[in-house]
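*Asks:* In order, the protein sequences belong to chains X and G. Residue numbering for the first sequence follows the working numbering, starting at 22 and increasing by one per position. Residue numbering for the second sequence follows the working numbering, starting at 21 and increasing by one per position.
Quick caveat, the hints were computed from the structure, so don't treat them as lab data. Beta carbons are placed, not taken as given, at the ideal position from N, Cα and C, and that holds for glycine. All clues given are correct.
Quick look at which bits of chain G chain X covers, simulated, 3 or more residues with Cβ under 8 Å:
id, stretch
1, 73-87
2, 111-122
3, 159-166
4, 173-180
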Amino acid sequence: MDHTLGPVEHPLEADRGPAPERPAPPRGDKDEGRGAPVGRRIVLGMVGLGAAGILVGDRVNAALERFFRPVTENDPTGLTSFVPSAGRFRIYSVVSFDPVRSDAEYRLTVDGLVDTPLKLSLADLKDRPPTKLVKDFQCVTGWRVPEVPWTGVLLRDLLEEAGVQSNATHLRIYSFDGAYTESLTLDQARRDDVMAAYEMLDGPVEQIHGGPVRLYVAPMYGYKSLKWLDRIEVVDEMNPGYWEVRGYDVDAWVGSSNGREGDAPT
Amino acid sequence: MTPANHVTPATPATQVTPTVERFTRAERWLHWATAVLVLTAAITGLILYVGPLTALFDRRELLKTVHVYSGLAMPVPLVAAYAGRWRDKVRADLRRLNRWTPGDWRWLRSRGRVAGDQVGKFNAGQKANAAFIAGMIPVMMATGSIMRWFDPFPLEWRTGATFVHDWTAIATWLVVTGHILVAFSKPPALGSMLRGRISAAWARDHHPRWVPDADGATPTMAEPSPASQEEPWTSASG
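Build the full structure now, drawing on both the sequences and the hints.
*Replies:* In structure tokens form, the structure reads like this:
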């Protein structure tokens with residue numbers, strides 16, 4: 022497996038050896054084997070550009086995204102969403118199947134260290150005072166979708182309704198994909214830009230985006246905005262989430278975590 | 021695939037087209053095995069990249085696995101092509117693809133890319149295509165590996181690798197689509213990649229500076245099947 026740009030096997034370097042070892046041009050070919058090794062130059066040029074792109078691509082990408090933004094924001098065809106660096110969602114999932122739950126069978130559980138555990142249907146959520154936000158979605162891998170409209174119920178309101186007990190400090194949040202989890206401190210969860218969202222991009226949250234209900238943690242990188250929201254457990258200790266176990270920062274503020282100081286806060 | 025040395029004496033009743041060997045069996049295997057891997061990675065990659073297409077598939081992890089391993093396997097046909105006694109002709113052709121003569125540049129600039137009299141076994145378009153694919157494979161393998169196994173690398177590398185992988189993928193779609201369109205517009209050339217042989221007349225007209233028997237192949241008279249007259253890319257083993 023090729024993890025590096027190290028010596029890479031490719032055909033046009035095959036005759037790189039010292040001149041005496043090269044096979045003679047096939048006898049009779051009029052000028053085969055003569056001429057400049059342009060093929061090799063193309064290959065080496067591409068490998069060089071690729072290596073440079075790995076090193077500075079995050080900055081080039083951000084610049085291109087700013088450049089494309091006026092176009093992508095006013096594009097009624099949606100075609101620009103196929104262009105890299107044009108501010109589009111990429112679909113990530115950590116499980117091998119598609120987590121699906123219909124609107125009718127959907128329930129959100131709020132339990133743990135609370136006075137009144139809640140079990141809310143989608144209709145129950147929509148009965149509560151909605152909050153609308155229009156905010157960017159920034160992924161820790163670099164892509165950013167500008168000015169996404171969100172509608173949902175603030176976690177603060179749900180926690181207040183359930184009655185958080187005094188010894189509680191954190192939330193442990195579960196996805197119904199059965200694998201993904203996230204964590205928030207109570208203070209983070211009570212911000213006015215952290216919600217259980219049931220609308221996104223001017224419609225119901227699509228299944229691939231984590232519908233029917235997902236978390237949206239506006240000021241943090243996308244991995245905090247857990248998809249397919251199933252359960253919010255109020256706890257008294259920090260349990261690092263799926264990606265946090267794997268090295269991402271627990272406090273995932275956009276622009277001041279994960280070594281990404283260049284990102285503008287969302 | 022026609023046996024390379026199959027010689028049928030001309031009879032007055034059948035029309036006989038002289039053909040010459042263009043690609044050995046090993047070279048054709050190298051081409052088609054690489055083609056299958058590149059197309060597999062391109063199609064699975066497109067599905068993983070385009071959100072609405074992604075939504076149609078609920079086995080995304082499987083798609084991802086197929087995508088990653090078809091990519092990692094791309095150098096295998098080349099290694100195999102170098103593994104046996106068949107390597108000499110492979111090597112001779114890679115050498116021809118590498119070298120660009122002044123005649124190649126003239127052909128590239130000429131209106132309508134007419135053969136002129138300077139083109140060897142491969143024209144500049146074929147050489148550029150081969151070089152692009154040879155450069156694309158290590159770039160996509162390296163960037164794809166960083167995207168897939170990102171743990172040991174700085175996070176900016178993951179972003180940079182994603183950036184390079186995306187744009188190189190778009191370029192590859194354009195180049196491969198162009199390659200396929202040109203192949204279908206030149207049935208004898210496509211046929212030679214399927215069966216190994218090409219008509220001596222085509223070789224003379226389009227590749228005047230190639231001497232087909234230079235590396236040992238002798239022009240032979242192959243028996244054309246009726247089908248191969250209209251559809252030279254279908255089997256000629258009449």
